[in-house]
Structures are given as C-alpha cells and as structure tokens.
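Asks: What follows is each chain in one-letter form.
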Amino acid sequence: MSREEEILEKIKESFGDDVKNITIKRSRRMFAETDAKHLKEFLRYARHELEFDHLSAITGEDLGDEIELIYHIAYQNAIELSIKIKVPKEDPRIATIVDLYPSAGIYEREVHDLLGVVFDGNPDLSPLLLPDNWPKGVYPLRKDVSLEEIREILEKGGEKG
Amino acid sequence: MSGSTIKVIIGPQHPALKEPERFILETEGEYVVDVKVRIGYIHRGIEKAMENRTYLQGLYLSERVCGICSDAHTTCYVQGVEELLGVEPPPRSRFIRVVVAELERIHSHLLWLGIAAHEIGFDTLFMYVWRDREVVMDLLEIVSGNRVNYATNTIGGVRRDLNGERIQKILKGLKVLEDRTKEYLRMIEREQTVLKRTVDVGILSRSDAIKYGAVGPTVRASGVKRDVRADDPYAAYDEIPFNVIVEDGCDCLARIMVRGREVLESIQIIREALKRMPEGEIRVRVKPRIPPAEALSRVEAPRGELLYFIRSNGTDNPERCKIRTPTLANIPSLCKMLVGGYIADVPIVLAGIDPCFACMDRVLVIDREKGEAKVWTLDMLRRYGREWYRKR
Chain A
114 MSREEEILEK IKESFGDDVK NITIKRSRRM FAETDAKHLK EFLRYARHEL
164 EFDHLSAITG EDLGDEIELI YHIAYQNAIE LSIKIKVPKE DPRIATIVDL
214 YPSAGIYERE VHDLLGVVFD GNPDLSPLLL PDNWPKGVYP LRKDVSLEEI
264 REILEKGGEK G
Chain B
3 MSGSTIKVII GPQHPALKEP ERFILETEGE YVVDVKVRIG YIHRGIEKAM
53 ENRTYLQGLY LSERVCGICS DAHTTCYVQG VEELLGVEPP PRSRFIRVVV
103 AELERIHSHL LWLGIAAHEI GFDTLFMYVW RDREVVMDLL EIVSGNRVNY
153 ATNTIGGVRR DLNGERIQKI LKGLKVLEDR TKEYLRMIER EQTVLKRTVD
203 VGILSRSDAI KYGAVGPTVR ASGVKRDVRA DDPYAAYDEI PFNVIVEDGC
253 DCLARIMVRG REVLESIQII REALKRMPEG EIRVRVKPRI PPAEALSRVE
303 APRGELLYFI RSNGTDNPER CKIRTPTLAN IPSLCKMLVG GYIADVPIVL
353 AGIDPCFACM DRVLVIDREK GEAKVWTLDM LRRYGREWYR KR
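Those protein sequence lines, which keep their order, are chains A and B.
First residue of the first sequence? That's 114 in the working numbering, and the numbers climb one at a time after it.
First residue of the second sequence? That's 3 in the working numbering, and the numbers climb one at a time after it.
Fair warning: there could be bad hints in the mix.
To be verified - Where chain B lies over chain A, by a calculated footprint (3+ residues, C-beta under 8 Å):
#	stretch
1	123 to 136
2	200 to 207
What the hints assert, rightly or not - Label pairs and their computed distance ranges (CB to CB):
#	chain 1	residue 1	chain 2	residue 2	range
3	B	K177	A	P248	54 to 62 Å
4	A	D245	B	E283	19 to 27 Å
5	A	R139	B	D140	33 to 41 Å
6	A	V258	B	G342	55 to 63 Å
7	B	E283	A	E164	25 to 33 Å
8	A	D245	B	E281	50 to 58 Å
9	B	Y43	A	K256	52 to 60 Å
10	A	G129	B	E30	46 to 54 Å
11	A	K249	B	K38	54 to 62 Å
12	B	R149	A	E268	52 to 60 Å
Honestly, the hints are just simulated from the structure, not real lab data.
Model, not experiment: these values are computed from the prediction.
For every residue, glycine included, the Cβ atom is placed at its ideal position computed from N, Cα and C.
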C-alpha cells in the first residue's frame, strides 16, 4: 500500500462520512471535501496525527451562492492534500486555523481581502493586498465584480477619490 | 510597554524590485519588540486577470509575476495546465526546463549575495559578485535570447532547443561561475566583515521554521531538509542525482552559506542534465479547450516552494488560477526573526529571506509620546546600522 493509500484509509477510519470524496489524483496529490463544522477537527488530526506540518496555501473561489475554501497542506513536503469546504456567500464565515498553523494568518488575510471571508479568531484581518481607501464590501476576486468595475475604482483612486 | 516603545515604519516604496512591503516595527531602545506587515502596494490582480484570458495568454502573465524567477512561474504554470490536459511534455523538454531553472537559480542567488553584502556595508563583495553574475546572465541570453523573462516554457514543452554550440558555451561559463563561487564561499567563512554582521543574527530555530511555514533557503538554513525538487520531483529532477543543501546555523550566515552552496549544486545539476539529456522533440501540440478538472503544481523557485492551483471549466479560460509565491510564505518567519533583534540588523535580516527586495525607499520614525515624525531613507537606516556596529 502506498503512503497516500495509508493516509486515505486512516482518514476514512477516523472521519467516516464527515470527510467525503477522498481521492488520490496522482502520486503525491490528494483531494478531499468536508464541511465548515468538521474542518478544524480534520486539520487538527492531519496536523498532529498524520504529520501534515506545512500549510502551503489557502485558495478561495467564488462559486456563485457559495465560496469555496481549499486548504493545501503538505506531508513531509511531498504529499499535498487539498481539503475543501464551502461557506455561504451571504455570510462567509469560518473559524481561523492560526492556532494549528501560525502561517495561516497571512493566507487568511489574503482571502479576507479578495473574497470577503471572515476568519473568526484571526487576530489581524486588516487589509493586506488592497489599498487603504478601497471601498468596503467590494471583493475583487468574486465573480460578480467585473474588470471594468475594478478599473473604475482604481481610476477614481478609491473611495475618497 | 506602550509608554516606552517607538514605532519605526519601513517602506512601502522599494521601487527597484517587485515586492514593496511596509513593516511597522515596534521598538524599545535598540530592540524590535513587535512587527506588523502590510504588502500589496503593487498588487496587480494577476489571478483575476488570468480568469479573463486564455491559457496561452495566462502563460505570458505568469512569466511576469516575478522579474527574477520568471522561469519558476512559467514552469509551475505550464505543469499545472499540462496536468489538466493530461499531456506529457517530451523528455528532452523536461531536461531543458531543468537547465534554465538552475541557471535562473544561480543568477538569483548571486544577485541576492550581492544585495546581502551591500546591506552589511561590504560593497566590495557586492561589486565582485555582480560582475561575476554577468556570466550567468550571458548564459541565459545564449539559451533563451533574453537576460530576463526567458520565455522558455510553453504548454506542452519548451520553445527553444539547446544545440552543441550553446552547450559548449554553457559548460565554459559554468567553470568560471564554479571557481568564483568557491572563492567567495572560502572568503565568507573567514571574513570578519561578514561574520560580525551575520553570525547569530536573525535567528529562526528549526522548530519555528516548520511552525511558521518557512520555505526554500530560509527553511534549509534552519536545518530542515525540504526542497520541492527532491521531495515532490518535477521536470527531470527525478532523473538527476543531486544533494539538498542544509545548514544548521539558523542565522543570516547560514542563509548565505545555503545559497552559496546551492549555486555549486546547481552547476552540477546543469552538467548532469546536459549529459543525460535525450534527443528528440521539444514540444507537443495541445488543444486550447480544457474539460473541467483541477491541478496543483509546485516547483522549487530560487526563494522556495511556489504553488499554482488551477481549475478548468471546459472553456479556453481557467476558472481559477491561484498563485502562492515563496516570499509570502516566508513573511511570518521573517517577523519571528526580527522580534528580539536590533534595529541595526533589520536590513540584513529582511534581506535574509531574499524577499525580492533591493531598497526600502524611506523610513518613518515616529515618537508616539511626542508625536514627532522623522523620515529616513533606507540609506540612512543602512548607515545607522553600520555606524552603530562601528561604535559597539
């Protein structure tokens, strides 16, 4: 059994139906899905029991009614596991994981800036990438924000313009 | 502590390089007690732009994410797109990718060594290193036609082959680079000008390096053996034997030594790649539309792990293209290194993670009690650092 299959079996055993669609796409690439309720528990298990000690990145994507968050974690810098969750776009909210991965702080700030997801418990969600005078409530990476709209905001020089 | 701390604001203008950042240092006497970071001053929205362009146009955008490690970005990007397509680039093209990637690493590490020397006031070393760096810049030009933005990669392979004459020129240039780099490493290990400013400066312990998610030479200088080329091989790295360079000094000197030794290792990798490179095609033709799928691609850029996550949706534009650059990954570790250190060490510690950083435009010193503000240039901070060490 490959290391990837061992990890897959362990996750299945510990989480049952709470972690779905665990797939090994190719060697060293795994994907899985869970929900906002079980994310933290899963990451705690992955961090401490499975030794996924490196958080590579957090990807956010606007799916229309929901925002998908993908946490890319690495085992021994080799196996990348991407665990996906969805949060409602009306109130995109999820608990921070800085207590598990301190490096998550800056990635959560990035997603907060660009997609408006609130990470409860993150000590610093101040703007990281967008200008200080960027209008509130406009999240440029959301699909309903067009390039024209972004261009217009930039030409006006932001909110105070 | 708030009564006695002073805020020192560094940045955000670093006009010479890609990533202007602002660091707000909370200082007490000569010590840094807290750091806050603000980036994004040249955030260009490339991820958004990619969603609105074809895969081929995205290739040219990815080339322009970074001016120093442009080849790492296109390699990471095309690997992701090739995985989405289910296309295998021809073997010869994978070796050419290795050659260009390692030439780029040499140029990036030498550029960094020059900057590091400048930050500690050792401008003689800076001048020598940058003179020798021209050798590798010429090699890159011979290989690709360009000194920067090599435009080597394309979806399905590479755009330019390596012929016998070019290979001979590369081998000749590598010998010069090898001799010079060995000379610098021999000198740096003994030179007090370097040692006094880098030993035990900007400490990042082994456990902190892992905890704060450090990548690249930064994590390897803290004794952690992590290198995407070895751990998650791509291109032709699984067919070329090489060593992962690790130092356990955990300080700025270790970061210099790791990069210096990596230059020598890169030279060996290129020699091996040229020796083992098979004959054959250098690219395959691909179709422009990609059915829904997702791929996660990683490469070891000169600064560390670079990650692209690409999702396709059946059209010729990607649905999402997420980019995570190594400098962002190293920011939390950088904050850890700065806290507890001297203000005078800030320039070299900042430079230590190689944050695509050449010059901080101005420094604003604010006395919170009196509300006084002084504007410093980076030169003033650098001079302050050198003077402060001289008096000590």
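Asks: Hints first: check each against the structure and report whether it holds.
Replies: Hint check:
no. : hint                        : result
1   : 123 to 136                  : violated (count 0)
2   : 200 to 207                  : violated (count 0)
3   : B/K177 / A/P248: 54 to 62 Å : holds, 57 Å
4   : A/D245 / B/E283: 19 to 27 Å : violated, 51 Å
5   : A/R139 / B/D140: 33 to 41 Å : holds, 38 Å
6   : A/V258 / B/G342: 55 to 63 Å : violated, 42 Å
7   : B/E283 / A/E164: 25 to 33 Å : violated, 41 Å
8   : A/D245 / B/E281: 50 to 58 Å : holds, 56 Å
9   : B/Y43 / A/K256: 52 to 60 Å  : violated, 26 Å
10  : A/G129 / B/E30: 46 to 54 Å  : holds, 52 Å
11  : A/K249 / B/K38: 54 to 62 Å  : violated, 21 Å
12  : B/R149 / A/E268: 52 to 60 Å : violated, 34 Å
Of the hints listed earlier, those the structure fails to meet are numbers 1, 2, 4, 6, 7, 9, 11 and 12, in rising order.
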